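Asker: Chain residues, written in single-letter form:
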Amino acid sequence: MKRILTAGLASFFLLVSNCDSRENDLSGSICLPQGNGIFIANEGNFMWGNGSVSFFSFDSLKIYNDIFSNINGRPPGDVLNFIAVHDNRAFIVVNNSNKIEVVDCFTFKTTGVITGLVSPRQICFINDSEAYVSSLYSTKISVVDINGYNVKRSIETGKTTEAMVLRNGRVYVSSWAGGNEVLEINILTHQVTGSVTVGREPESMVFDNSGLLWVLCTGGYSGEFFPEISVVDPQQMSVIKTFMFPSKQAYPSSLVINCTGDTLYYIDQSVWMMPVNSAGLPQKPFISASGRTFYRIAREPFGGRLFVTNALDYQKKGFLLIADSRGIITDSARTGIIPGNMCFRYRNR
Amino acid sequence: MKRIIKISVLIQAFSCFVCTGQSSITDTIRIKEVHILAGKGTVITTPFGSKEADSSMIAGKKFSRMTDLLSETVRVYTKRYGPGGLSTVSLRGTTAVHTTVTWNGLSLSSPMAGQTDITLIPVLFADRVNVEYGGASLFSGSGSFGGNLSLSTLPRWNTPLEISLSGLTGSFGRMSGNTRITTGSGNFSYSARIFSEKAKNNYSYLNYALYPEPVKERRRNAETSYNSVLQEAYFRKGKSLTSASIWLQKSDRNLPSSILVSGTGLSENQKDESVRAVASHKITYGKMSFDILAGTSYERLKYVNNIASVTSDNKSIIYTLKGSNDLKISNILGLRFFISEEYSSVRSVNYEGGRKSKNLFSTGSALSITPGNRTAVTLLIRETAPDNKLQVPDYTAGWNFFLSEKRNSWIRANISGNSRIPTLNDLYWVPGGNPDIRNEYCHSGEMNTGFNLKRGNGFNMNGEVSMFRSFIRDMIQWLPGNNGYWSPSNIRDVKITGSEINYGISGRNGSISWKIKGNMSYTKSVYMSGEDGMKGKQLIYVPEFEWGGGAGVKYRSFFGEIDAAYTGKRFTSVDNTRYLKPFALVNFETGVDLIEGKHGFTVRLKLENLTDVNYELVSYFPMQGLSYFLSFEYRFGK
Numbered sequence: 001m002k003r004i005l006t007a008g009l010a011s012f013f014l015l016v017s018n019c020d021s022r023e024n025d026l027s028g029s030i031c032l033p034q035g036n037g038i039f040i041a042n043e044g045n046f047m048w049g050n051g052s053v054s055f056f057s058f059d060s061l062k063i064y065n066d067i068f069s070n071i072n073g074r075p076p077g078d079v080l081n082f083i084a085v086h087d088n089r090a091f092i093v094v095n096n097s098n099k100i101e102v103v104d105c106f107t108f109k110t111t112g113v114i115t116g117l118v119s120p121r122q123i124c125f126i127n128d129s130e131a132y133v134s135s136l137y138s139t140k141i142s143v144v145d146i147n148g149y150n151v152k153r154s155i156e157t158g159k160t161t162e163a164m165v166l167r168n169g170r171v172y173v174s175s176w177a178g179g180n181e182v183l184e185i186n187i188l189t190h191q192v193t194g195s196v197t198v199g200r201e202p203e204s205m206v207f208d209n210s211g212l213l214w215v216l217c218t219g220g221y222s223g224e225f226f227p228e229i230s231v232v233d234p235q236q237m238s239v240i241k242t243f244m245f246p247s248k249q250a251y252p253s254s255l256v257i258n259c260t261g262d263t264l265y266y267i268d269q270s271v272w273m274m275p276v277n278s279a280g281l282p283q284k285p286f287i288s289a290s291g292r293t294f295y296r297i298a299r300e301p302f303g304g305r306l307f308v309t310n311a312l313d314y315q316k317k318g319f320l321l322i323a324d325s326r327g328i329i330t331d332s333a334r335t336g337i338i339p340g341n342m343c344f345r346y347r348n349r
Numbered sequence: 001m002k003r004i005i006k007i008s009v010l011i012q013a014f015s016c017f018v019c020t021g022q023s024s025i026t027d028t029i030r031i032k033e034v035h036i037l038a039g040k041g042t043v044i045t046t047p048f049g050s051k052e053a054d055s056s057m058i059a060g061k062k063f064s065r066m067t068d069l070l071s072e073t074v075r076v077y078t079k080r081y082g083p084g085g086l087s088t089v090s091l092r093g094t095t096a097v098h099t100t101v102t103w104n105g106l107s108l109s110s111p112m113a114g115q116t117d118i119t120l121i122p123v124l125f126a127d128r129v130n131v132e133y134g135g136a137s138l139f140s141g142s143g144s145f146g147g148n149l150s151l152s153t154l155p156r157w158n159t160p161l162e163i164s165l166s167g168l169t170g171s172f173g174r175m176s177g178n179t180r181i182t183t184g185s186g187n188f189s190y191s192a193r194i195f196s197e198k199a200k201n202n203y204s205y206l207n208y209a210l211y212p213e214p215v216k217e218r219r220r221n222a223e224t225s226y227n228s229v230l231q232e233a234y235f236r237k238g239k240s241l242t243s244a245s246i247w248l249q250k251s252d253r254n255l256p257s258s259i260l261v262s263g264t265g266l267s268e269n270q271k272d273e274s275v276r277a278v279a280s281h282k283i284t285y286g287k288m289s290f291d292i293l294a295g296t297s298y299e300r301l302k303y304v305n306n307i308a309s310v311t312s313d314n315k316s317i318i319y320t321l322k323g324s325n326d327l328k329i330s331n332i333l334g335l336r337f338f339i340s341e342e343y344s345s346v347r348s349v350n351y352e353g354g355r356k357s358k359n360l361f362s363t364g365s366a367l368s369i370t371p372g373n374r375t376a377v378t379l380l381i382r383e384t385a386p387d388n389k390l391q392v393p394d395y396t397a398g399w400n401f402f403l404s405e406k407r408n409s410w411i412r413a414n415i416s417g418n419s420r421i422p423t424l425n426d427l428y429w430v431p432g433g434n435p436d437i438r439n440e441y442c443h444s445g446e447m448n449t450g451f452n453l454k455r456g457n458g459f460n461m462n463g464e465v466s467m468f469r470s471f472i473r474d475m476i477q478w479l480p481g482n483n484g485y486w487s488p489s490n491i492r493d494v495k496i497t498g499s500e501i502n503y504g505i506s507g508r509n510g511s512i513s514w515k516i517k518g519n520m521s522y523t524k525s526v527y528m529s530g531e532d533g534m535k536g537k538q539l540i541y542v543p544e545f546e547w548g549g550g551a552g553v554k555y556r557s558f559f560g561e562i563d564a565a566y567t568g569k570r571f572t573s574v575d576n577t578r579y580l581k582p583f584a585l586v587n588f589e590t591g592v593d594l595i596e597g598k599h600g601f602t603v604r605l606k607l608e609n610l611t612d613v614n615y616e617l618v619s620y621f622p623m624q625g626l627s628y629f630l631s632f633e634y635r636f637g638k
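From first to last, the protein sequence lines are chains F and D. No gaps in the numbering here: position 264 of the first sequence is 264 in the working numbering, and each next residue is one more. No gaps in the numbering here: position 618 of the second sequence is 618 in the working numbering, and each next residue is one more.
Hints are computed from structural coordinates only; laboratory data are not their basis. Please read these numbers as outputs of a predicted model, since none were measured by experiment. The beta-carbon is built from N, C-alpha and C at its ideal position, and this holds for glycine as well.
Label-pair restraints from in silico Cβ distances:
#, chain 1, residue 1, chain 2, residue 2, range
1, D, 312, F, 246, 30 to 36 Å
2, F, 61, D, 607, 55 to 61 Å
3, F, 283, D, 306, 44 to 50 Å
4, D, 306, F, 115, 16 to 22 Å
5, D, 311, F, 288, 39 to 45 Å
6, F, 61, D, 355, 54 to 60 Å
7, F, 87, D, 438, 50 to 56 Å
8, D, 198, F, 145, 41 to 47 Å
Take the sequences, apply the hints, and build the full model.
Answerer: Right, dumping it as structure tokens:
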């Protein structure tokens, strides 16, 4: 009896003394498939630190979830807002962790961390050694050294910033949170050289095949303005056309364009498709929401597939939906929580 | 080697008796454990489960805030963002909004968010801490699906003058001081209490989340300061008792970021100010008694986020008026009528128009039947009318039966139906507030059995087993919406089942006194609705298993005690794929308690988290490791 008691107490103590309350320990290592595919930045909930990265392989049509944690043995951070691939490295912009995690995009092993950022949102590579990083709270754009993994300088914009696109030596930056402008920055001088007023809260931007900048404006987070798509002539920095949404209750987002630059896609509950020469906003959805919570879109650069994320109730793990060029869902896969921005990985391209 | 193992096992065995009902055994102010069926001056029996913190434990924790007391005495789950940070309490598998907190009958729950930050409550400002579970909470008000935490101050009659001066210093820049002055005669009692505390909270922890390799970091932007004053007066004459108390408080807290945030984080700061005043009068005429209570609670919360350029200034005031009338119809039958009015008004930049208010009228009655010495039945019905809209009435029915004529073993059962109206934030917060949100409803049942045996030689043994089951319908949950902001909706049904075991043994042999206490709880709190991956899953931040225990010994003036508490796995995602790992904390306290005539001195040394465990109560917000606190107390009085 004594022996049993002693053994019981000893095992109890071992249990007690080994307790450690770290998050679910993701120590298992995996190998990423080496072919083509798409990375999904699953944002996770703000302050919960449950963001993750998924990879959907185009070869095996399988999804690999939690790859950052599984390979690096730690969580990527809080709110994975953006992911972009450059020079065989993936740059994961972790908004509420004030950092950018940099990993080898084929092994996903960490190669560096860029810190010293304030609420970073998106990254835009301006050459092989530098990138701009926008900020939700700071009125400065950070210029980061993507090889040295540090912040080199900053550009005062006077406004907080969100989406960025590069064209002809200029980066066009939207001032999203409470803003209504698109700024133009010269990448040689790192100076703001122009601006144009667009609709309320420009959230996403793309260039079409004729060099016009299409800016999707949400109308503000509490629906105080009509959402719109503003078409900007970047030479003149002026709005040449506006497509107004019919209701303030609409909340369009995630504007993307196909590889030929002639067809736009965006989310307004459903997924909508709009040729750039259209006279007005589309009347029929391209992919009907049907109770789903579409959150972000990515258009395949070398093919006709559209990748749409479904965030469900923003608490459970979401889905990646793959639609063909006709808008028919052909495949789906379970992702992490709040699957958001995506980027493609191609080998030998 | 064998010897070392044996000694180690013995020490560990000692440490197994973890801490909940664990308390300092130095103080002599000890309220005996009693099971009240019909309290003095009341004709209503309360055959429901409740748990009262040992008064000596309260006295021994006068440097602490309520968070520390509750996590070590009564088995409640506290969710904390760190020492000194925001903390809420939840009972029996429910969430923080389902646990109300009252102080001398006045609600401390915020009318905005519906929960109470118990870090802001110093233990010094309560003489009695009682947790009323399930149906018992309906005597205090509605909406407490988990229960009500009832805090109250008590008069000290016939006390010419008592003074207590204390000071504490400890790890992480914590310094605290408090004073209590009490004076009173046979009919009058007055007390003043002052509490002040400052802490840097700059403890080190292992950041396993932010960098490629774990890095030892020190907590930054976590400084806190608290200053509180309480004054109270009691006057009794014949069969009447009048009391008045006022509590002023000011706190200033920097809010550290999660360990996932690099750099300085968001540099958040929160300042709270509050004034609470309450007056009550009770009078008894023969078989009838009347109680009346009037109070007000003003709170101001100023939040600043420098990096996000957010400044939020919210002010709220609550006016409370309560009355009750107890009538003893016969030796068997007792009746109570009660009525209450609570008006809340909030000024916030986050409400459209800047101001919103809520009026909560409530009335009802309770009936007690006590046929004989061994059994009692109580029925209560309460009608609540928020903003003059009638609701489905709340009810509770309880039964108590003593298994012996000595009334030292019992069996109890009760059922109840309870509702919670949405908070002002649920209704009006901009953006996201939902004016169409409905009430939450809860149906619950509880069974409890226990014993309390006493022997003449100071030996005392008690034990209690409770089982409970609740079903919450239309639970309100805030979820992110399509417009990018969060909004509340009635989307969840939740089923809770659980059981609790408590036991304690104490004894005295000459100049040695000792005690051992322990408890264990199992709570299964699962979603009954929701899409795949969610139904049947445990609610986040509700541990399934918790247990604790403690052992203490006192020899003449010297005392020592060890306690430990185990908290099981807590899921942090609704599909239960992520969780915080279990942890166990071991604390040790020792000291000396000297009395010389009217002068008393106590010196204590407390070591917390002896095994230096890394643990979190909220994901990615580390708690402190091994820490020490040294305190000194001087008392003057009888």
